[in-house]
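Trainee: Residues per chain, in single letters:
Number of protein chains: 2
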Amino acid sequence: MSKLVIVGTVAFDAIETPFGKTGKILGGAATYIGLAASQFKTDGAIVSIVGGDFPEENLEMLKDKGMNLSGLEIVKEGKTFFWSGKYHNDMNTRDTLITDLNVLADFEPKVPQDYIDAEVVMLGNLHPLVQLGVIEQMNDPKLIVLDTMNFWMDSALEDLMKVIAKVDVITINDEEARQLSGEYSLVKAAHKIMEMGPDYVVIKKGEHGALLFGDDDVFFAPAMPLREVFDPTGAGDTFAGGFTGYLAKTGDYSYTNMKNAIINGSALASFCVEKFGPERLLNLSNKEVYERIQQFKSLTQFDIKLT
Amino acid sequence: MSKLVIVGTVAFDAIETPFGKTGKILGGAATYIGLAASQFKTDGAIVSIVGGDFPEENLEMLKDKGMNLSGLEIVKEGKTFFWSGKYHNDMNTRDTLITDLNVLADFEPKVPQDYIDAEVVMLGNLHPLVQLGVIEQMNDPKLIVLDTMNFWMDSALEDLMKVIAKVDVITINDEEARQLSGEYSLVKAAHKIMEMGPDYVVIKKGEHGALLFGDDDVFFAPAMPLREVFDPTGAGDTFAGGFTGYLAKTGDYSYTNMKNAIINGSALASFCVEKFGPERLLNLSNKEVYERIQQFKSLTQFDIKLT
Chain A
1 MSKLVIVGTV AFDAIETPFG KTGKILGGAA TYIGLAASQF KTDGAIVSIV GGDFPEENLE
61 MLKDKGMNLS GLEIVKEGKT FFWSGKYHND MNTRDTLITD LNVLADFEPK VPQDYIDAEV
121 VMLGNLHPLV QLGVIEQMND PKLIVLDTMN FWMDSALEDL MKVIAKVDVI TINDEEARQL
181 SGEYSLVKAA HKIMEMGPDY VVIKKGEHGA LLFGDDDVFF APAMPLREVF DPTGAGDTFA
241 GGFTGYLAKT GDYSYTNMKN AIINGSALAS FCVEKFGPER LLNLSNKEVY ERIQQFKSLT
301 QFDIKLT
Chain B
1 MSKLVIVGTV AFDAIETPFG KTGKILGGAA TYIGLAASQF KTDGAIVSIV GGDFPEENLE
61 MLKDKGMNLS GLEIVKEGKT FFWSGKYHND MNTRDTLITD LNVLADFEPK VPQDYIDAEV
121 VMLGNLHPLV QLGVIEQMND PKLIVLDTMN FWMDSALEDL MKVIAKVDVI TINDEEARQL
181 SGEYSLVKAA HKIMEMGPDY VVIKKGEHGA LLFGDDDVFF APAMPLREVF DPTGAGDTFA
241 GGFTGYLAKT GDYSYTNMKN AIINGSALAS FCVEKFGPER LLNLSNKEVY ERIQQFKSLT
301 QFDIKLT
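Protein chains in written order, with my numbering: chain A, 1 to 307; chain B, 1 to 307.
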């Protein structure tokens, strides 16, 4: 069991999907990553910032899940980061309605002293300079995983490239991989991105699954075909949390074990979309996760007798 | 080894992709289906129609591949069906530039007497009434597989529904499954389509792979991530030909064996897109196919030790 440092937003979200609409609910990349990683009883610390309006009960819930919150700064007089979005009918595209940075505008991450020796670092989607600040505080971690998005490619590419050069794994979606590399073919895109620094590239394709590239190898994890995707918010972060949580738990950062980590991440993400926000992750039994992983196995298993 | 009846177009295509442009080359659903099925040394008969302009060498090539052509009508004074299309940069969408039905306009399919007892029938994309005409000539086949497209849903839905009611397997793409069922979720779409007649639904997602639905089970075959998709023309038909060719060869029409058939279809389709038209299928060794299937295995294989 290795320690895991998670940096990312802890936030309020307001979400509208074809199935309904929420008020301000718990959200944020670090929240989803932490909840997913906690499924493996990982020793994880969340490095983030919230305002005085952030409910004590949410803090307690994250602590109950085993998350260390000594790196979660609380600005009493400030307001928590707020995001509001509306999904289109296809659930693959969404409009951002509101982004109130609030306390996030001046966030300077501080990794707790107990965690600067952590083996695994998960850099959730944030400004690249914040991600860089976390890397600089760490004492030679074995695995740094980066999540980012097109917004930073458009607005802070130079800083982003500095982060990319320092990480072992990057997780981005297919369109972002194409934008970052200038290549349409995902195989070519992944190899170009590996030249920028990472040894492994994970390309997330939403309902179409995820690809793991490393050297000349490629692994594909399908998404579970679901009767209903209720709310995709946080699915990518949940995937990242399952991925890093599993790797931290096992302490094995080989390509072979990354395949297992990706299946775990996919399984957790498939739960996340079943309800609004992080609700489905709050009470998820090991048995449910185990059964979902079995379903992933039977989803792709075949036995051709080559004659 | 069972007999296989293939109905579909045998045609000329002119194709433009970002990689280049062809003149009139060999094309047509039945051509691709036949070439793919021939990889399994299937005893297949092509039921189709061409004009006097169709080159003798193409007929010889199909015969050399083991295809029975006694059901391929040649209208000496007529012209062969011609399709021309241009692919967009993403290779997933295309514009049809020309569709000259020519002899296809009056096509009345005739299944050769030697093949009316065939166990497997592959209905390639054509007017539903032509597909129905083939079913009516058959003597109780064990497996009827239907390929169709949105064009017939728009223009001949009533006839199409009659065909769908009579087949065992339908293969359509994701958008067509949504259109036919009125359901966005592919899981729901597949179950609605099963209520229309078929026991199994194969949903083709192009570069995102294919799903096989049957009863409460679902199987996913990934597409092979490729450095380059050179020309997608015929990939769906090649998939269908590999699927039915493998089933006819093994004579096993169980759900379990359909999984293997889908992997074989996906493997052959992954070759088809590597060159213009059917070129790559013309000289494809068993060794190459074997190795590609091994790659499909390693693409999705994982081994999680649940602790």
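If you're looking for bench data, these hints aren't it; they were derived computationally from the structure. Treat the hints with care, as some may be off.
Any copy will do: because identical chains look the same in the list, a pair fits if it lies in one copy or spans two.
Computed list of lysine to aspartate or glutamate pairs in EDC-like fashion (alpha-carbon distance at most 20 Å, straight line) [what the hints assert, rightly or not]:
#1 K65 <-> E175
#2 K205 <-> E228
#3 K3 <-> D216
#4 K205 <-> D174
#5 K192 <-> E228
#6 K297 <-> E16
#7 K205 <-> D90
Trainee: Could you run down the list of hints and mark each one as holding or not?
Mentor: Structure-based check of all given hints:
For the identical chains of this complex, K65 and E175 are neighbours neither inside a copy (33 Å) nor across copies (41 Å), given an alpha-carbon limit of 20 Å. When the C-alpha separation of K205 and E228 is checked against a cutoff of 20 Å, the pair qualifies both within a copy, at 17 Å, and between copies, at 18 Å. For a Cα distance limit of 20 Å, the shortest separation of K3 from D216 qualifies neither inside one copy, at 30 Å, nor across copies, at 41 Å. In this assembly of identical chains, K205 and D174 lie within 20 Å of each other by CA distance both inside one copy and across copies; the values are 6 Å within and 15 Å between.
Proximity of K192 and E228 under a CA criterion of 20 Å is satisfied inter-copy only: 14 Å between copies versus 35 Å inside one chain copy. For the identical chains of this complex, K297 and E16 are neighbours neither inside a copy (33 Å) nor across copies (40 Å), given an alpha-carbon limit of 20 Å. When the C-alpha separation of K205 and D90 is checked against a cutoff of 20 Å, the pair qualifies both within a copy, at 14 Å, and between copies, at 15 Å.
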